[in-house]
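Visitor: The lines below spell out each chain.
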Amino acid sequence: MVDKSMTDTNTILSAHTIEEIDAWLKRFPEDKKKSAVLAALRAAQHQNKGYLTTELMDAVADYLDLSKIEVYEVASFYSMFELNPVARHNVAVCTNVCCMLMGSDTIVNHLENKLGIKLGESTADGRIYLKMEEECLAACAGGPMMQVNHKYYTDLTPDKVDEIIDGLE
Amino acid sequence: MSEDLVKFTVNGQELEAPKGSMLIQATDAAGISIPRFCYHKKLSVAANCRMCLVEVEKAPKPMPACATPIMDGMVVHTKSPKAIAAQKSVMEFLLINHPLDCPICDQGGECELQDISMGFGGDISQYTDEKRVVFDKDIGPLISTELTRCIQCTRCIRFGEEIAGMRELGATDRGDRMVIGTYIEKSVDSEMSGNVIDICPVGALTAKPSRFSARAWELIEHPSIAPHDSVGSNIFVHTQRGKVTRVVPRDNEAINEVWISDRDRFSYQGIYAPDRMTQPMIKQDGEWIAATWDDALQKAVEGINAQGRDQAAAWISPNATLEEHYLMQKLLRGMGSGNVDHRLRQTDFSDQDAAPVMPWLGQRIEDLENVNAALLVGSNVRKAQPLIAHRLRKAVINHDAKVSFVNPREFDWHFPVFAECASSASGMLEDLAAIAKAAGTDAASVATIVNAATVTETHQQIADSLKQSDKAIVLIGDMAQQHPQLAVIRKLADAIAKATNSVLGYIPEANSAAGWLAGTVPHRGPAGSAAAVKGLNVAEMQANPAKALITFNIEPEFDVANPAQALDTARQVGFVVAISSYLSANMKDYADVILPLAMFTETSGTYVNAEGFWQSFNGVSTAEGNSRPGWKILRVLGNLFDLEGFDYISSQDVKDELKQQCQDIQLNNSVECTAVVSIEKSAASLQRVGDVPLYAIDTLVRRSAPLQKTRDAMHDCVRINSKQAELSGVVDSDKVKVNQNNGHAYLSLVIDDGIPDGCVWISAGVQATSSLGENFGPIELEKV
Ligand code: SF4
Ligand code: FES
Ligand code: FES
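Protein chains in written order, with this note's numbering: chain A, 1 to 169; chain B, 170 to 953.
Any given hint could turn out to be false.
[As the list claims (entries may be wrong)] Capping the alpha-carbon separation at 20 Å, the derived lysine to aspartate or glutamate pairs in EDC-like fashion look like this: (1) B:K355 x A:E55; (2) A:K34 x B:E331; (3) B:K355 x A:E133.
[What the hints assert, rightly or not] To be clear about the criterion: a stretch of chain B counts as covered by chain A if any three or more of its residues have a C-beta under 8 Å from a C-beta of chain A, and this derived list gives those stretches: (4) 325 to 337; (5) 348 to 361; (6) 534 to 540.
No lab work stands behind these hints, which were simulated from the structure alone.
Beta carbons are placed, not taken as given, at the ideal position from N, Cα and C, and that holds for glycine.
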């Protein structure tokens, strides 16, 4: 209530994001708005070129009546949320046990060399972002595997990786 | 009763405990020690550190004692090889990333991690890889962070959520990268934030003001009582070579539980402020010279006698000790004057004869957490008295108590508020009248205003909430006591309380309860007795300045209702003796003799808290320079004026004398006065409303540098709502000029929609507004 200078949530979250959040809110009891925080953050991230800003997280907190730190906690905990600007294609190689046994290190090395960046970095042209430490994505039978913009690619080889990456605009 | 108890065995010892309670509670009660980090008796169970693992027979693996409910017949071993092995393993994990920098850590010597690792840690670490490092965050002037030491017990986070009522600290990121912090650059602003220093089991959160200034074992611990509010929190003062190094809470479930407010914790920093008075001083031909006590006292007595001692007046701070209050009135009355007052911020004295002998809380502090409904009038209780607010918050959180407010503005609360009325001084009275009407009062003295009141849904809801509750309370807060029509507030609050069967209580300022009992009011002597000579109250003393004035631990420009006028009065008075811990520029101007006063840690005395509980304490630190305890100064003055009965040997003697007289007092807030009252409405279009903010209330807190750097100390501004900004044409202004009475001030402007229409919020007690008048009254706003 003090300093009613709170930025107007509605101008920060796009109409589409709000629509999305509202749709999720319907699934939860009135006093359990917190339950929608993951969906809300996903929508907010989507509206902003794949990453969240403090401003967006604050807007989500205000919209869901949460304290800001609660939203920061969630956003920083889950690896699918990016808190820094990233390139447009999100490439996430699974490095968890099964994939590791199947040679994910080779895939990571290949990607790093090919793109000239390390895990956690984006290419200078803003095209590819190599996601840091992706945990098991439940496609162990097809390891090594990676996820490119939420699409799964399994049984990877360096050649196959080249084909996929080169096919991204 | 017995059905609820279950029997179980710990280390072969038969124990009984309530069914469903946690194992650690029972073992703690039985004095069986189990190591722990995340468990804290006042916080929810997180069970995330695993240090409390114990062996429970028939359980396949060790169980955390803090999260294992006791079952009938359970057999527990806390020191079996299995239990010890589990505890040792957890300890090893916890130490993997800990920097082990005890030699440079403030917590060293009183660290739970250090203690427990002595018992359960290995001598040599098996871990040889790099340890993680967390960069420190600046979270404000009160708390230092060294988060590499954090063991992620989350006590600090739970404290924010569950006790302070504001989530400020959190755990961001995860796994080995998880860090405690605020994520963004931000200060921690809760008025109780310092408690995280105590609950953090390691040295990750330590007190910034006392950082690197002592090792725990060099400090001497002395029990004492906190001086700033009417809770009377129990504290320990830690001293080093006679100086106060820090203040920490002392457990007292009935008063402050295990907490203290930041004000009580960090105010001591003001004790050693650069303007501390250490030497008696006298003004000679316009020049200030240092004097011996003998000379200064002699000069004080001569000066007062020359002006006519039966005309002398005294303004005493409400935070003076009971003994100081008592001796001050005894001194004045001995001299034949009744002009003594501690109600420096009060402005309406019209019904002072109807005021209770000691306005008090109306019940125990502890009982506040059992109320089902409360109405607070003129109180920002969260900031004014954080531990009273904490009890009310517990009532709200634990059993949905309905807490409502009638205030001159909306505030930021740390619990869900049932209803909040915010309006100008006269609007507050109309709100109260409407609530009284909704409650169906039949009090004759307020009948006219009650009849004229318009009851809104909110008023009705407040009245109903009080009526429907079997434990309801109406509390009169500090802003109500400063209100220009306190008499009307008192009557209306009484009418509401009676019509809704609620308790009527006051939230007294500092040690003002002792002021009432001791008789530092002009119309009553000690213990509520009729005053032999009826004196002038503080407002009358300003209207007709006395010839001689004694000020006691106050600065008129900050501590009196109308600061500009009070300072003016002090300047006009022929002869002023300032008994003061500090020397200000203004004091040099108006005073003739300054007697250096010892602070609360340097004197013995007694504080009486809101529930009427007398708590005595000893002097625990060396008085700075030549300063002397107030009771001794007043005693010697009594001797030098040749007055009877000033032969006390100790402050205890003084207390006993008063206690004797207070034996038969029955505390009672009920208003029996039947004089008919009316609401005075000002014709002015703009009204000032205001309070004295928490870090401006007395000479000591005003000089605590760390407290003055907090956000809660930023009060040199004007607040109006956006509608008013539009009307006054100042929407785009950063600064405005305000005119009140004959004074003016240039203040920065904050648009705040919690301020009612037609009102201008300006706080008192700060330099920027000391040229203005009372907290309530007509005011003008100008664009600059
Ligand atoms: S900072 Fe202290 S209280 Fe907070 S999680 Fe870390 S160790 Fe626990
Ligand atoms: S380990 Fe890679 S998908 Fe499961
Ligand atoms: S004290 Fe039980 S798990 Fe931390």
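Visitor: Please go over all the hints and tell whether each is borne out by the structure.
Guide: Each hint tested on the structure:
1. B:K355 x A:E55: Given pair K355 of chain B, E55 of chain A holds - Cα atoms ~14 Å apart, limit 20 Å.
2. A:K34 x B:E331: Holds - the C-alpha atoms of E331 of chain B and K34 of chain A are around 17 Å apart, at most 20 Å.
3. B:K355 x A:E133: Outside the cut-off at roughly 29 Å; violated.
4. 325 to 337: holds (count 3)
5. 348 to 361: As far as the region 348 to 361 of chain B goes, the hint holds, because 3 residues have Cβ atoms under 8 Å from chain A.
6. 534 to 540: Contact hint for the region 534 to 540 of chain B vs chain A: violated, 0 residues under 8 Å.
Comparing the model with each earlier hint shows violations of hints 3, 6; every other hint is respected.
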